[in-house]
Every structure is written in structure tokens, then in C-alpha cells.
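**Q** Please work from the sequences and hints to get the whole structure.
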Amino acid sequence: MSNLKALNSFLREYVYVESLHLDSEDGLTGYNLLMTLANSSDPGAATIAVIFFNVGDLNVRGFGGGLTQFLELCVSRVEGGLDRIRYELVDEEEEKIAFNFHSFKVLSEDGSGE
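Each number in this note's numbering corresponds to the 1-based position in the sequence shown with 83 added.
If you are wondering where the hints come from, they were derived from the structure by calculation, not from laboratory data.
Only a predicted model underlies this, so the values are computations on that prediction, with no experimental measurement involved.
A couple of the hints might just be wrong.
[Claimed, not checked] Calculated pairs, EDC-like style, for lysine to aspartate or glutamate (alpha carbon to alpha carbon, straight line, at most 20 Å): (1) 179 / 155; (2) 188 / 101; (3) 188 / 171; (4) 188 / 109; (5) 88 / 192; (6) 88 / 171; (7) 179 / 140; (8) 88 / 162; (9) 179 / 101; (10) 188 / 166; (11) 88 / 193; (12) 188 / 96.
**A** Spelled out as C-alpha cells, the structure:
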């Protein structure tokens, strides 16, 4: 399974937003987004953390005010784009989040819920 297919599989399973953290890279050359998602709203639920590098065109709407879910996140490869943009992430169901990015890394998958 390719990394992109694996990421999309994780994003369909882990839909409850635990945290979003946007941070600048060294020298303010760009931004990275750390997204932590859980597979249920129960305390101690299994989580996954993914960092997206060189994030651009970040759009977030309808977020907060209670538990937020990204129900249909999908990452696709962007062809013919800028050299810093290789992928696009979109919430296809409710359009709560969308952004472009250069690369990603799955930092952790805590299947135990601890």
C-alpha cells in the first residue's frame, strides 16, 4: 500500500479532532501543521498524529463550539503545481478544512488508546 493510500485509510478511520497545531519552520520559510485525530469521542480512544510540511492556502471553517469531526478527509496528489505543493487535503463532506502541502509524515498511531 502506498503512503498516500495508507494516509487516506487512516483519515477515514480517525475522524475526531483532538488537536491542530500550526508552527513556523526554522527561518520562517513556511508552516507545518500537526493534526491529531481520534477514532472515537471516548476518553482514551486510539489516536493518530500526522504532520503536514509546508502548508499553504489553509482554510478552516465551522470549527469548534463542541466536538469537531472531519468525516471525509481526502488527500490527493496535485499535478503541475508549484514546486512546494505536491498534495491537497480536503474535507469533502462538510468543507471544514482544506489546504495544500509539500509532504507528510505519520508520527504515531496509538492503537491501544493509551
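**Q** Now look at each hint and say whether the structure bears it out.
**A** Quick rundown of the hints versus the structure:
A distance of roughly 10 Å separates the Cα atoms of residue 179 and residue 155; the hinted pair therefore holds under the 20 Å criterion. Restraint check for residue 188 and residue 101: satisfied, since their Cα atoms lie roughly 18 Å apart, inside the 20 Å limit. As the CA atoms of residue 188 and residue 171 are separated by approximately 14 Å, the hinted pair is consistent with the 20 Å bound. Distance check on the hinted pair: residue 188 and residue 109 sit about 18 Å apart at the alpha-carbon level, within 20 Å; holds.
Simply put, residue 88 and residue 192 have alpha-carbon atoms about 16 Å apart, close enough for the 20 Å limit, and the pair holds. Taken as a hint, the residue 88 and residue 171 pair is honoured in the structure, with Cα atoms around 14 Å apart against an allowance of 20 Å. For a cut-off of 20 Å, the pair hint linking residue 179 to residue 140 stands: about 13 Å separates their Cα positions. Taking the CA atoms of residue 88 and residue 162, the gap is near 17 Å; set against the 20 Å cutoff, the hint holds.
Straight-line distance between C-alpha atoms of residue 179 and residue 101 comes to about 15 Å, which keeps the hinted pair within the 20 Å bound. For the hint linking residue 188 to residue 166, the alpha-carbon distance of about 18 Å falls within 20 Å, and the restraint holds. Of the pairs offered as hints, the one joining residue 88 and residue 193 holds, with about 19 Å between alpha carbons and a cut-off of 20 Å not exceeded. About 17 Å separates the Cα atoms of residue 188 and residue 96, which keeps this hinted pair within 20 Å; it holds.
Checked against the numbered hints given earlier, the structure satisfies every one of them.
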